[in-house]
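Model the full assembly from the supplied sequences, consistent with the hints where possible.
2 protein chains.
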Amino acid sequence: MSTSLDERNGGAARTTRLAKWAIDLQYEGIPKEVVERTKELFLDWVGCAIAGRHHPAVSAIAKYAVQMGPTTGKSEFIDGSLGLLTSPAFAALVNGAASHVVEQDDLHNRSMMHPATVIFPAALAVAQDIQANGKDFIAACVVGYEVACRVGEYLGRNHYEMFHSTATGGVVGVAAAVSHLLRHNMSQMLSAIGTAGTQAAGLWQFLIDASHSKQVHTGKACFDGIFAAYVAKHNLLGPKDILEGPRGMGNALGRGSTSPEAIDQSLGIDFAVLQSSFKWHASCRHTHPSVDALLSLMQKHALKFDDIESVVARTYQAAINVLGLSGRGETVHQSKFTMGFVLAVAAKYGQAMITDFTEEALRDPALRNFQDRVTMKYDAHIDSQFPQKWQGTVEVTCNSGKQISESVEYLKGDPQLPLTRLELEAKTRALFDYGGYDDTKNIERVIQRVWQLEDEVDLLGFSFE
Amino acid sequence: MSTSLDERNGGAARTTRLAKWAIDLQYEGIPKEVVERTKELFLDWVGCAIAGRHHPAVSAIAKYAVQMGPTTGKSEFIDGSLGLLTSPAFAALVNGAASHVVEQDDLHNRSMMHPATVIFPAALAVAQDIQANGKDFIAACVVGYEVACRVGEYLGRNHYEMFHSTATGGVVGVAAAVSHLLRHNMSQMLSAIGTAGTQAAGLWQFLIDASHSKQVHTGKACFDGIFAAYVAKHNLLGPKDILEGPRGMGNALGRGSTSPEAIDQSLGIDFAVLQSSFKWHASCRHTHPSVDALLSLMQKHALKFDDIESVVARTYQAAINVLGLSGRGETVHQSKFTMGFVLAVAAKYGQAMITDFTEEALRDPALRNFQDRVTMKYDAHIDSQFPQKWQGTVEVTCNSGKQISESVEYLKGDPQLPLTRLELEAKTRALFDYGGYDDTKNIERVIQRVWQLEDEVDLLGFSFE
Numbered sequence: 001m002s003t004s005l006d007e008r009n010g011g012a013a014r015t016t017r018l019a020k021w022a023i024d025l026q027y028e029g030i031p032k033e034v035v036e037r038t039k040e041l042f043l044d045w046v047g048c049a050i051a052g053r054h055h056p057a058v059s060a061i062a063k064y065a066v067q068m069g070p071t072t073g074k075s076e077f078i079d080g081s082l083g084l085l086t087s088p089a090f091a092a093l094v095n096g097a098a099s100h101v102v103e104q105d106d107l108h109n110r111s112m113m114h115p116a117t118v119i120f121p122a123a124l125a126v127a128q129d130i131q132a133n134g135k136d137f138i139a140a141c142v143v144g145y146e147v148a149c150r151v152g153e154y155l156g157r158n159h160y161e162m163f164h165s166t167a168t169g170g171v172v173g174v175a176a177a178v179s180h181l182l183r184h185n186m187s188q189m190l191s192a193i194g195t196a197g198t199q200a201a202g203l204w205q206f207l208i209d210a211s212h213s214k215q216v217h218t219g220k221a222c223f224d225g226i227f228a229a230y231v232a233k234h235n236l237l238g239p240k241d242i243l244e245g246p247r248g249m250g251n252a253l254g255r256g257s258t259s260p261e262a263i264d265q266s267l268g269i270d271f272a273v274l275q276s277s278f279k280w281h282a283s284c285r286h287t288h289p290s291v292d293a294l295l296s297l298m299q300k301h302a303l304k305f306d307d308i309e310s311v312v313a314r315t316y317q318a319a320i321n322v323l324g325l326s327g328r329g330e331t332v333h334q335s336k337f338t339m340g341f342v343l344a345v346a347a348k349y350g351q352a353m354i355t356d357f358t359e360e361a362l363r364d365p366a367l368r369n370f371q372d373r374v375t376m377k378y379d380a381h382i383d384s385q386f387p388q389k390w391q392g393t394v395e396v397t398c399n400s401g402k403q404i405s406e407s408v409e410y411l412k413g414d415p416q417l418p419l420t421r422l423e424l425e426a427k428t429r430a431l432f433d434y435g436g437y438d439d440t441k442n443i444e445r446v447i448q449r450v451w452q453l454e455d456e457v458d459l460l461g462f463s464f465e
Numbered sequence: 001m002s003t004s005l006d007e008r009n010g011g012a013a014r015t016t017r018l019a020k021w022a023i024d025l026q027y028e029g030i031p032k033e034v035v036e037r038t039k040e041l042f043l044d045w046v047g048c049a050i051a052g053r054h055h056p057a058v059s060a061i062a063k064y065a066v067q068m069g070p071t072t073g074k075s076e077f078i079d080g081s082l083g084l085l086t087s088p089a090f091a092a093l094v095n096g097a098a099s100h101v102v103e104q105d106d107l108h109n110r111s112m113m114h115p116a117t118v119i120f121p122a123a124l125a126v127a128q129d130i131q132a133n134g135k136d137f138i139a140a141c142v143v144g145y146e147v148a149c150r151v152g153e154y155l156g157r158n159h160y161e162m163f164h165s166t167a168t169g170g171v172v173g174v175a176a177a178v179s180h181l182l183r184h185n186m187s188q189m190l191s192a193i194g195t196a197g198t199q200a201a202g203l204w205q206f207l208i209d210a211s212h213s214k215q216v217h218t219g220k221a222c223f224d225g226i227f228a229a230y231v232a233k234h235n236l237l238g239p240k241d242i243l244e245g246p247r248g249m250g251n252a253l254g255r256g257s258t259s260p261e262a263i264d265q266s267l268g269i270d271f272a273v274l275q276s277s278f279k280w281h282a283s284c285r286h287t288h289p290s291v292d293a294l295l296s297l298m299q300k301h302a303l304k305f306d307d308i309e310s311v312v313a314r315t316y317q318a319a320i321n322v323l324g325l326s327g328r329g330e331t332v333h334q335s336k337f338t339m340g341f342v343l344a345v346a347a348k349y350g351q352a353m354i355t356d357f358t359e360e361a362l363r364d365p366a367l368r369n370f371q372d373r374v375t376m377k378y379d380a381h382i383d384s385q386f387p388q389k390w391q392g393t394v395e396v397t398c399n400s401g402k403q404i405s406e407s408v409e410y411l412k413g414d415p416q417l418p419l420t421r422l423e424l425e426a427k428t429r430a431l432f433d434y435g436g437y438d439d440t441k442n443i444e445r446v447i448q449r450v451w452q453l454e455d456e457v458d459l460l461g462f463s464f465e
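Residue numbers (the numbering used here), protein chains in the order written: chain A, 1 to 465; chain B, 1 to 465.
Because the hints were derived from the structure by calculation, they are not lab data. Be a bit skeptical, because a hint or two may be false.
Below are the BS3-like pairs computed for lysine-lysine, each with C-alpha atoms no more than 27 Å apart in a straight line [unchecked claim]: (1) K74/B to K74/A; (2) K135/B to K20/B; (3) K63/B to K63/A; (4) K32/B to K135/B; (5) K377/B to K402/B; (6) K63/B to K233/A; (7) K63/A to K74/B; (8) K304/B to K441/B; (9) K74/A to K402/B.
Now the stretches of chain A that chain B is said to cover, found in silico as 3 or more residues with beta-carbon under 8 Å [as the list claims (entries may be wrong)]: (10) 81 to 95; (11) 198 to 211; (12) 220 to 228; (13) 243 to 249; (14) 351 to 358; (15) 411 to 421.
If you want the ones that stay clear, here's a sample from chain B, every Cβ over 10 Å from chain A, calculated [stated by the list, open to error]: (16) V34; (17) D224; (18) S296; (19) S384; (20) P387; (21) T440; (22) E456.
Just so you know, even glycine gets a beta-carbon here, dropped at the ideal spot from N, CA and C.
This is how it looks when you write it as structure tokens:
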């Protein structure tokens, strides 16, 4: 029986090719731009993890880690205030939860995944444990991004309706990244992928009552992927065709449609790392096209906050639907989902960073007054392009009576429009600030260290009190 | 949005009732026969865990536990040869894997689950850690069986086609059992159930290449259920309607059909513990109706092995399909799936225990000769009753020329035909023997201890070198 079922499904050929690529990748063979982008994504991840480290879900998981895990080891909790070292599985569990709190982590559009929040914490914790160097770490992360995002894209949109793909694709990517660090042979790599895949989990049900599973999913994807890789090293056998097999992830979790070609096409040419977007503004992503257009317009025409009489934000229907739910934005969280308030913040501060959305800002009459002069308008052309392109147009009427407009085709932070390193450093500082860390000297040291990551002899010292 | 989606799905009413029942159950309110059966199931589990402790998958997971977990604590690896104590999560991880190796663990028919292999290792490890007494342990296990089997039955047959229900229902049952031990309030119990459910995983893909996920699934269900219960104690919020919610287990994993009434009907009246079967013979379950019929016939007519000329085993189609795959039974494993060989063993030894299937037995000409005189025959009436009843009929021709037949309606070990304690003790001794443990005095001590479990002040000492 096993042979015919296996053959009917291509005999695991695609998964085997992906696993072979994951084993064979060497730092020296990775294009320079992929290496540089990986370092940028990693710095972005460090900031997100610090910013989220005090969330109640993270604290609960950290307590569990102290109860159930060792309190000595070589792997660091990124929240140094815990004052502990531990084993890689528990460091990654807690750090993976922390980095998925503030909604500022990266996004791989095609797979609808946030790869940083699963790949980096797992690879970092294991690299610390085995004293891997910067080059090994970067190569493992490139592998992890690739495998995670390809599995996420393979599982596709129907899967994403029910499952948190960051976790279900992520656990497989983690297994591959860690297996690369542990220098698995082919059988062990396939076993790690198989064992991770048969443990893939994470349902969207938590969104309905705003509970804490989001952080559980990413932390556990780290833990479970590390588990899969280590037991594979100890020769625990995993199913060889976990993606496409008759009782594998695609058939069980794909809900009727998958994209098998995503598993192995253009391997080594089309890098997931290069297809990942940075999130620049701290507001809902549906406000970003309008924010980018407004900031661009203000810069081009040297306009100030007080020069603006009113703004019409032309956008797609999905944005109007989502942004219509948060009313006037009475809480900090809601205010990030309120187009008028977000544009007011951007216009006043020239940015909309995580530290710009505060209780004080909510009570600022100037911001509230500006907000009242913003309207959203449906734009049929923009809507027809969504979601392939997240375009935006703003029409501004100035106090002088002058009317001007500006459009953007891509979001700032998208692969087509990456952040500059200066912008990324500014975002990082804001995230550290938000996370209550104020040793500015050390922040600058960390930033410079990441820019030279390939020269590092180890990955120790990514822990902040 | 959340309200209407919630209401459309009954507002988590069934899950809330199940959680409330799980919190409220006290040892004193459990019917005597449920307590006694729980102890029997626990002894059966101890034997299965010892018998499986040296399997390569278990060894790999034990190595991981030593690498990633603490090597001090109050929870015991049932394999005392590791010489270590650990935290409850890791003890349960390894012990849960060990008890699902030899295919001798219990079966809850309606849910198609093996509850013992997930509920007992988790409850035992936590009971050891918090020094719960025998009564608390028994009550927690009754809760765990109930919740696990109800979730498994709710998810149903379509789910079972793809998912290893022992793990997916099991993780929720573990969370409930552990939450009972930790004395969760209602909000914490619901959170534990929710967090466990959003982590439910385990695919049958591993069957296709005979890999080791079976033990991963049960060990990880223990680990993940313990995780869910402990983080809930630390006030991590889980989704409240993880079973029936629009993006919950039923909709995501139920594959189009679920049985919602199974969640909460007849709670406290219909106990899963009483609906669980013991596996008596060590062979494939499809051989059991014929083995039971043959042994009954031989006893009634005082027949011996050498008195039998030939046997016709009348059975249902599924048995013929499965048992047709193992040829003549060239390996010990295959021999348990070969009707002729299994009946030969049963006829010769008066039983078919785990220690009766050996390399020596494979080479025994008397057994092989008997095997050649056994045929299987399709029986339309028996087939029409399957799988509600696993009936069997044997027609025996004696050397004397006499023809006799015998039928059985239930399997030995089924709820309708439970094992006697003497039989269970014999099975336990065989399982210890198979697991390489020969301190017979200690085995007898353990057996007696389990029969008095409700009087025990703690659960320490279930570890065997």
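So, going through the hints one by one against the coordinates:
1. K74/B to K74/A: The hint holds at about 24 Å.
2. K135/B to K20/B: 19 Å, holds
3. K63/B to K63/A: 24 Å, holds
4. K32/B to K135/B: 12 Å, holds
5. K377/B to K402/B: 20 Å, holds
6. K63/B to K233/A: Holds, at roughly 10 Å.
7. K63/A to K74/B: 18 Å, holds
8. K304/B to K441/B: Judged against 27 Å, a Cα distance of about 33 Å means the pair is violated.
9. K74/A to K402/B: 76 Å, violated
10. 81 to 95: Per the Cβ count (4), the hint holds.
11. 198 to 211: holds (count 14)
12. 220 to 228: It holds: at least three residues are needed, and the segment 220 to 228 of chain A offers 4 whose Cβ sits within less than 8 Å of chain B.
13. 243 to 249: Per the Cβ count (5), the hint holds.
14. 351 to 358: violated (count 0)
15. 411 to 421: violated (count 0)
16. V34: The claim stands: V34/B keeps its Cβ more than 10 Å from every Cβ of chain A (closest is about 31 Å).
17. D224: Violated, because the least Cβ-Cβ distance between D224/B and chain A comes to about 7 Å, which does not exceed 10 Å.
18. S296: Consistent with the label, S296/B stays out of reach of chain A, its closest Cβ about 33 Å off (over 10 Å).
19. S384: Nearest chain A Cβ is 26 Å from S384/B, so the label holds.
20. P387: Fine: 20 Å to the nearest Cβ keeps P387/B off the interface.
21. T440: Given that every Cβ of chain A is farther than 10 Å from that of T440/B, nearest at about 33 Å, it holds.
22. E456: 24 Å, holds
Of the hints listed earlier, those the structure fails to meet are numbers 8, 9, 14, 15, 17, in rising order.
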